[in-house]
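Kindly generate the complete structure, drawing on both the sequences and the hints.
Protein chains: 4
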Amino acid sequence: MPLSPEQLAEIDALRAHPQPTLRATVPGMEAHLYKAQPVLDHGFVRVIDYMGDDSAICQAARVSYGKGTKSVQNDEGLIRYLMRHWHSTPFEMCEIKLHVKLPVFVARQWIRHRTANVNEYSARYSILDREFYIPEPDALAAQSVINNQGRGETLQGAEAARVLEILKSDSNRAYDHYEAMILDEGQLGLARELARMNLPANIYTQWYWKVDLHNLFHFLRLRADAHAQYEIRVYADAICEMIKDWVPAAYAAFEDYRMTGAQLSGKGVECLRRMLKGEKVTQETSGMSKGEWREFMSVID
Amino acid sequence: MPLSPEQLAEIDALRAHPQPTLRATVPGMEAHLYKAQPVLDHGFVRVIDYMGDDSAICQAARVSYGKGTKSVQNDEGLIRYLMRHWHSTPFEMCEIKLHVKLPVFVARQWIRHRTANVNEYSARYSILDREFYIPEPDALAAQSVINNQGRGETLQGAEAARVLEILKSDSNRAYDHYEAMILDEGQLGLARELARMNLPANIYTQWYWKVDLHNLFHFLRLRADAHAQYEIRVYADAICEMIKDWVPAAYAAFEDYRMTGAQLSGKGVECLRRMLKGEKVTQETSGMSKGEWREFMSVID
Amino acid sequence: MPLSPEQLAEIDALRAHPQPTLRATVPGMEAHLYKAQPVLDHGFVRVIDYMGDDSAICQAARVSYGKGTKSVQNDEGLIRYLMRHWHSTPFEMCEIKLHVKLPVFVARQWIRHRTANVNEYSARYSILDREFYIPEPDALAAQSVINNQGRGETLQGAEAARVLEILKSDSNRAYDHYEAMILDEGQLGLARELARMNLPANIYTQWYWKVDLHNLFHFLRLRADAHAQYEIRVYADAICEMIKDWVPAAYAAFEDYRMTGAQLSGKGVECLRRMLKGEKVTQETSGMSKGEWREFMSVID
Amino acid sequence: MPLSPEQLAEIDALRAHPQPTLRATVPGMEAHLYKAQPVLDHGFVRVIDYMGDDSAICQAARVSYGKGTKSVQNDEGLIRYLMRHWHSTPFEMCEIKLHVKLPVFVARQWIRHRTANVNEYSARYSILDREFYIPEPDALAAQSVINNQGRGETLQGAEAARVLEILKSDSNRAYDHYEAMILDEGQLGLARELARMNLPANIYTQWYWKVDLHNLFHFLRLRADAHAQYEIRVYADAICEMIKDWVPAAYAAFEDYRMTGAQLSGKGVECLRRMLKGEKVTQETSGMSKGEWREFMSVID
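Chains as they are written, first to last, in numbering that gives the first Met the number 0: chain A, 0 to 300; chain B, 0 to 300; chain C, 0 to 300; chain D, 0 to 300.
Check before you lean on any hint, since a few could be wrong.
A pair counts as met if it fits within one copy or between any two copies, since identical chains are not told apart.
Unchecked claim - Simulated crosslink set (SDA-like; lysine to any residue; CA at most 25 Å straight-line): (1) Lys-279 <-> Glu-291; (2) Lys-279 <-> His-31; (3) Lys-243 <-> Met-258; (4) Lys-66 <-> His-86; (5) Lys-69 <-> Glu-5; (6) Lys-66 <-> Arg-14.
Hints were generated in silico from the structure; no laboratory data involved.
Put into structure tokens, the structure is as follows:
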């Protein structure tokens, strides 16, 4: 269980005293506030704060004095139009702040999204906890044989057992030694900023992460995608569930235009037109490479 | 008066229905919400939304589960420490959204601050209003004779009158012609995106502007400064008044370390040490240029 | 002609003395360096500097010690793969610096692209030249009757003449008064930072603009597009011509995947699959709005 | 030695064929190009490309057609003025691209500087090398007893030996197991993206990092500072040596105004003025906290 009783008490305290506000408020999001949504074996995502709602997107797009448009239905139409035409700035007018606990190797991918604000737990200043990501057996994937950057079958039997044993024992030994180096018992004790270098990349860290909705959608498009590494995808999936409750119209437009849609090349559009006129097009007559053709066929078939 | 009765009614509607929220809430900021604070002759600044408070800065700095520190006094100490040591990321955890009405030449300076989100009223899509900035007589400054980028004395008498007459009549003529070009009465009417090019830089525009507290402080340091152009400084000053009511501890630290403090060069520090030991230092013996010496003396004298 | 003999002499001086360098160098781009490519009536774009080439994109993608891949053909394949899969960071490893002269209303659109570096000619410090954008007759478009943010037919005869006359005379009067306000002849002279507010948005300004290739492609996708305002599109078109000579493989991939390709929604993909199976799909049975359907049909037809 | 003969041959090939260019070129920087400057036990920094020079800063500040100012001396004066008055945009007109090999825990600090372009070696796609940072004995610092985020004395004798032994043996065991998990010999082999999670934070990674001069100075101010962790400071120091050879005037201004200078608070300025008038000021009469007073005294004494 990722949270201590003391931490749960702090969360309860934050949820105990609603205050009146004149700001845009979303009941569905209030229900999420501060609660930890478990991800992986020790991780979580929890919403700390949010700014704006679907209506705030329209309000900014129109630079209006009051709310955005006259009705929820008009808001939806406008939001779909903005998403379809890549008018990204109105979506930047919504902001969300998350507290995330995640393995270091996931954090290293995540931080590559630069247009966000981050405060990470400092291992120079503080001592990290003994918490490591150990995959579930069905997440123990082999290297893909067709894609250098991906996963293939799941490891079985003795091989799976050996891998799990390595991960567990190496994590624990590394942490034992980390503790032994920083604890002093009559010795000086190595500086924390140095001792942490012995810790493996499956140790958990945590941070506050704040991002606007446009950049969050960009993150989700790449990280909730089938090509993303499973261990970051589960965080993206958990965030998607929250966003649905926060800005349902914007999320629906995002899903239609970004997640379930497709990007075609000029060559792809050309092939499509020929096909729709009844021509039989093959990879050889398409002008595409084999890789492009395979991806194109997966869209239309 | 910058707001129409219809606009005021929209603002009243937004202020009429407080909702319960679990988010960090600041009563002093709630009092500002949606209200237009007048700036210049037709401009205003109004707060549309905010995220976070002083405590949220500490909460992020500590990556904590509950509030930041145990007491308001501890929060203040931590905030001063963060500001003094340029730990900027915790201040990025607060966010504010403003609706600003401002002359185009002010907007052109303002937009140079890139780390912010902006939605501007579209003159491709909509027709601009007939509202121009005409300076008050005491803002009619002459070109500085000692600083190429600054103001000197105030224009007087006939010269002042002539300048005001030019600004008023040219603005109105430009707007008359703008209207004449876009209105069709039996003609096609010039596209709005073209007709707007006839309008001078003192016409008012408006935008939604969203920024985090760290970047807002950077904006205020440069734009609430004595060297900033008066017409943008009055906006920065109006924003300062709101920020005091939002994050009083952070604002106090900003004021002490950024606004009333000073940046010394290595040469300046060296001179200071010599002076404090009783040596008489002059520009000639300081190693500084005349400009640097003048600025140095204005700090210590 | 936009350049004075003195300016041309400065450009010739910069082109007179090639220096040896070990950096990635592109002969096609060297031919462009410093020369002004005319755009509109007084504007131009000229390349001041560039960093990287097609090979540098691959070098960064592979984090290699030497060049990117073994052959130009491999470079092309890798670049197409990166573009297709939205791997944007290798394209950020190329950088270009441009000097652009452009009307203020174009500059105001351009500056909305925030991930770039800009130094603009200062009208607080310096006096602007008497140069205004006056459209060619065939660019005098009427407001579109079907799209609020666009152009329709071209103005003709008396209406066109009247518009041109307004633009010319208002520009000149505004500049006469600008000069009259700042020149002193026995008077103080209004500060430049104030006097400029009388100048209309068709006056020319200029800036140095530096951007990486990924963000430049984003700019070009939006601004070289048919929906962009004509007056910024001609700048984007002129830049496209330069980029072709700089990074031909990256530009070809950009053209195929971004410029001539299409983004389909999930609904669009669904319709397409039904159509390819021989079903007759109409707007009514597509689940799309009329606007979406019209845009969808323009892709496939 | 960090580079293999094959890598050195690739570097020699890049240095073998100077090309003529019309771009701003700096002989002192050409001498650095592609060569690896060793840092720590297996790391390095090497310059891959650069854009601009001291003159380019002035050229952009003046938005000029040719070079920046008439003389090197004028360039220096202008650059000092720009640095003193926080006119940061002209410094953004210079750009540098580095190839850096560095331990992962250093990379994690480094990446927090968001305004830069990065391509990191992919441990999803490729297999990492067996190279770990093992500190020199004099870098084996104890935790500071006065500053939670810092180092104190150096570990000695048995304690030092024990720490080094732990770091070495844990690194090697982790790598042995990493190899064992991914190599298949009759088994599937764990996916690389998973196996890497067993590797500790002292393993070396590498990346291409591209940044403009303004943001590089900001990085250097924080990371070449005495409060930065030693292991990132040595990289910053190595970069400083390169920058001196690239933009000597800008670097000298940076050193004077940012590195050897000091930031005083409003309270600090007030105390200083009292001191210079002969008053004896103590912490008690200064209005500062003990921490602030200690830092203030270290500036002036």
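(message) Check the structure against each numbered hint from earlier and tell me which ones fail, lowest number first.
(response) 2
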